[in-house]
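Participant: Taken in order, these protein sequences are the chains called A and B. For the first sequence, the numbering used here assigns the number 5 to the initial residue and increments by one for each residue that follows. For the second sequence, the numbering used here assigns the number 39 to the initial residue and increments by one for each residue that follows.
If you are wondering where the hints come from, they were derived from the structure by calculation, not from laboratory data. This one's a predicted model, so the numbers in the text were calculated from it and none came from an experiment. There could be a bad hint or two in this list.
Stated by the list, open to error - Covered, in the sense of this in silico footprint (three residues per stretch, anywhere, with C-beta under 8 Å from a C-beta of chain A), are these stretches of chain B:
id	segment
1	98-108
2	113-120
3	125-134
4	147-160
5	176-182
To be verified - Cut-off 25 Å, straight-line C-alpha distance, at most; resulting in silico cross-link-like pairs (SDA-like, lysine to any residue):
id	chain 1	residue 1	chain 2	residue 2
6	A	K269	B	L133
7	A	K269	B	H178
8	B	K153	A	L275
9	A	K269	A	T88
Claimed, not checked - Residues from chain A that keep clear of chain B, each with C-beta distances beyond 12 Å, as calculated:
id	residue
10	F33
11	V40
12	L75
13	L148
14	F228
For each residue, glycine too, the CB sits at the ideal point set by N, CA and C.
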Amino acid sequence: MTEGTTEGLRPEADGLIYGLTPPRTDEAFLVRHPSVIRTASVLVVLVAWELYGRALNPVFLSYPVAIAGALVELIRSGELLQATLQTLRALVIGFAIALVVGIGIGFLMGRYRLVSLTLDPFVTALYNTPSVALIPLIQLWFGLGVTAKVIIVSMSAFFPIVINTFAGVHNTSQGLVDVVRAYGATARQISTKVVLPNSVPFIMAGVRLAVGRAVIGVVTAEFFTAISGLGGLVIVFSNAFATAKLFVPVLTLVALGLCLTSLAKWAERRLTPWKESERAAAR
Amino acid sequence: MTGALALDVRNVRKLFFQPSPRGPAGLLVLDDVSFSVREGEFVSALGPSGCGKTTLARIIVGLEDVAAGSVLIDNHPAGPPGPDRCLVFQHYALLPWRTVLGNVELAMEIQGIPKQERRERARRYVELVGLTGFETHYPHQLSGGMQQRTGLARALAAEPRMLIMDEPFGALDAQMRTLLQDELLRICEAMRVTVLFVTHSIDEAVYLSDRILVFSARPGRPVAELTVDLPHPRGQETTRSSHRFIEIRKAVSDVLAERTDYYRGDRKIDAVHHD
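If we strip away everything but chain B, and leave its shape as in the complex, we get:
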């Protein structure tokens, strides 16, 4: 996979200010974060909870500013948020007053795409994520899995240059999670989308990615990079039971144990997550 750079993150540093007994203090969440994603690549950002992965996703999308460093999309500084890079949210964040179709049309509405085309495209993406027949349902009438399918369709329908996914399957049960992982792989292969996938699940990162960036705990920083050379197309049973999958999984796990607080720290924060 040798394409042009779709995303280039250079020396990004992020502080959050918070009150302290000695006046306002800065909490360093991301420090000197640099990495890049090539076009068509599926890259995971893997790290313990609280390592600033979500903040990083929000920075790339443009919802947060940075204290230092820069984010380049297609070699141009990423401007304000726009439909060139779409975020899939952890808790779906569907508009409760809109139907499935209405939610999928949202990004296109903001882009100013005419109604006719919007409708048509929305239907196509609703079908792609397997929600045909549920177009007029409201989010509260859907299961978590179906809500996130809607969230995925909403992001895809904007036809972005790249998809940023912030623990999109984190709130789903194990069965739904594996199902949606396969759907995502199928869609990525069909559409050749570039994906930055934020997760704290080792299994998920290995199963989905071409490359894994391992992040240290706060302040978050990529401390290791592993290439996942598992063949495509992947399948839950064949891939997960393959010798290579287990090897890579072990390598990632070792890096996490050595270089991060993944297996230490606050045990309450769901640090060790297995599918």
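Isolated chain A, as found in the complex:
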């Protein structure tokens, strides 16, 4: 039914007219099927890559079909799985350390002025140090093994978490603290019932940033050691001019990054349900 013909219709008891089709707009199709355009876009680029890539020397730029072949080969040999697990292990352990230490220190800095004044110079200085610049030093101290990788991941992920936790704790409104104080809350109850829940959205925003930085951190660390993990594979294949194979760990890293970011977003949604309508408005 189109506009024009609704004149004779009367609303029912609840004031609504049922069974109408809203007027179509030109954008309606795109709004309802955004994935169609996305898929088409990706397909066009893949086909163009394939055609162009075949015309070039495969050392410079491989093409999708060759990369798919290399992927199957690396999965069969077990190399890809082993490297992915090595990278994941360093990521998970390093990230867990960053999470615990970052939230802990951020909380103490936000809650106690003495702590924030004491630690602030170091946090600010280290935050502004590119962690890549410290990798040689860390490898000098901790060798080329998993320990060095874990430390580099922790360092990369630590700062967004500590800074956001501090911001969240600091941002707690005195009004809400007064509410629990008025009911006789202890300092501990003020922390657990107001300050921490208030910081959760901030912390989760920091975690999302930290995930990206942690992936960059682990790959950079593996570039330097070149003996393990997906970053190690990238260096090994690039030294061997095996360009098709080189794309496999790169794409795996992309997939890993996407998975971890979605995981962080999922955790954010689970932990901050009261922010759901804000997020919906932002979409």
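Position chain B against the provided structure of chain A, taking the given hints into account.
Facilitator: Chain B alone, transformed into the frame defined by chain A:
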């Protein structure tokens, strides 16, 4: 109404320190405030904006200390804040990450009441304030009126000896305000709660109270006391149109005009408020 004293405020004096060109200066907000509230009584503290009413509420609850004087609850010095006297906040102050039920349970959690009983009691008070069906809603999903109903349920669920209400309906529109006034009267009659109600609305004070304390502008001090002998139960239409209501309203208004800056002073600060 001749009960024991629930609240006894004696010679309370409150200063706020603030910087000035000649060094730190003290701003006297409350000076020599003395009054008492009997058990089961509904007393309003009425005064112009900025007369320290909110500060007084915070002192009684224990959120602020005093420069001099004392506050007695049931003839004992009021200690640190506790569930014996609960504050209902002007801007609701609900925890945004908790549902209605979670917010109502807050005070009981702090008291250490076991989960089972907490849940049960919270549901009872949610029902009392008319929010059944909204237990799992978050504050931002509620209207202002429903948020303040939650705030009221939260305070009541602690089952305090007395309720301190700091302009609880000040941020609501006129219709919601009258609705909640009636709800409050109904609840007070059912539960025999003692209430100290802070407001700057003459109508609200007369409609709700057994007794009105009129406060002067800064420094705040009770300058007059009026008894409201309107019969209970009260209703918006019958009570407000009664001859006695209009008489008392006029008397309060005269006292405010004579003894305070209510009708003078800074006109911008919403000094003359009518429902």
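Participant: All hints are to be evaluated individually against the structure, with a verdict given for each.
Facilitator: Verification of the supplied hints:
Coverage of the segment 98-108 of chain B by chain A holds. Counting CB-CB distances below 8 Å, 3 residues qualify, and the rule asks for three or more. Interface restraint, the segment 113-120 of chain B with chain A: holds (3 residues with C-beta to C-beta distance below 8 Å; minimum three). Here the segment 125-134 of chain B counts 6 residues with a CB under 8 Å from a CB of chain A, which clears the bar of 3, and the coverage holds. For a cut-off of 8 Å, the count of residues in the segment 147-160 of chain B with a CB near a CB of chain A stands at 3, and the three-residue condition holds.
For the segment 176-182 of chain B, the proposed coverage by chain A is satisfied: 4 residues have a C-beta within less than 8 Å of a C-beta in that chain, meeting the threshold of three. Restraint check for K269 (chain A) and L133 (chain B): satisfied, since their Cα atoms lie roughly 23 Å apart, inside the 25 Å limit. Restraint check for K269 (chain A) and H178 (chain B): satisfied, since their Cα atoms lie roughly 22 Å apart, inside the 25 Å limit. Between K153 (chain B) and L275 (chain A), the direct Cα distance comes to roughly 21 Å. Compliance with the 25 Å bound is thereby established for this hinted pair.
Of the supplied pair hints, the one linking K269 (chain A) and T88 (chain A) holds, its CA atoms being roughly 22 Å apart against a limit of 25 Å. Against chain B, the non-interface label of F33 (chain A) holds: every CB pair exceeds 12 Å, the least being about 32 Å. A cut-off of 12 Å between C-beta atoms confirms that V40 (chain A) is not in contact with chain B; the least separation is 34 Å. Annotated as non-interface, L75 (chain A) keeps its C-beta farther than 12 Å from every C-beta of chain B; the closest such distance is 44 Å.
Every CB of chain B is more than 12 Å from the CB of L148 (chain A) (nearest about 45 Å), matching its label as outside the interface. With 12 Å as the threshold on Cβ separation, the claim that F228 (chain A) sits away from chain B holds: the shortest Cβ distance comes to roughly 43 Å.
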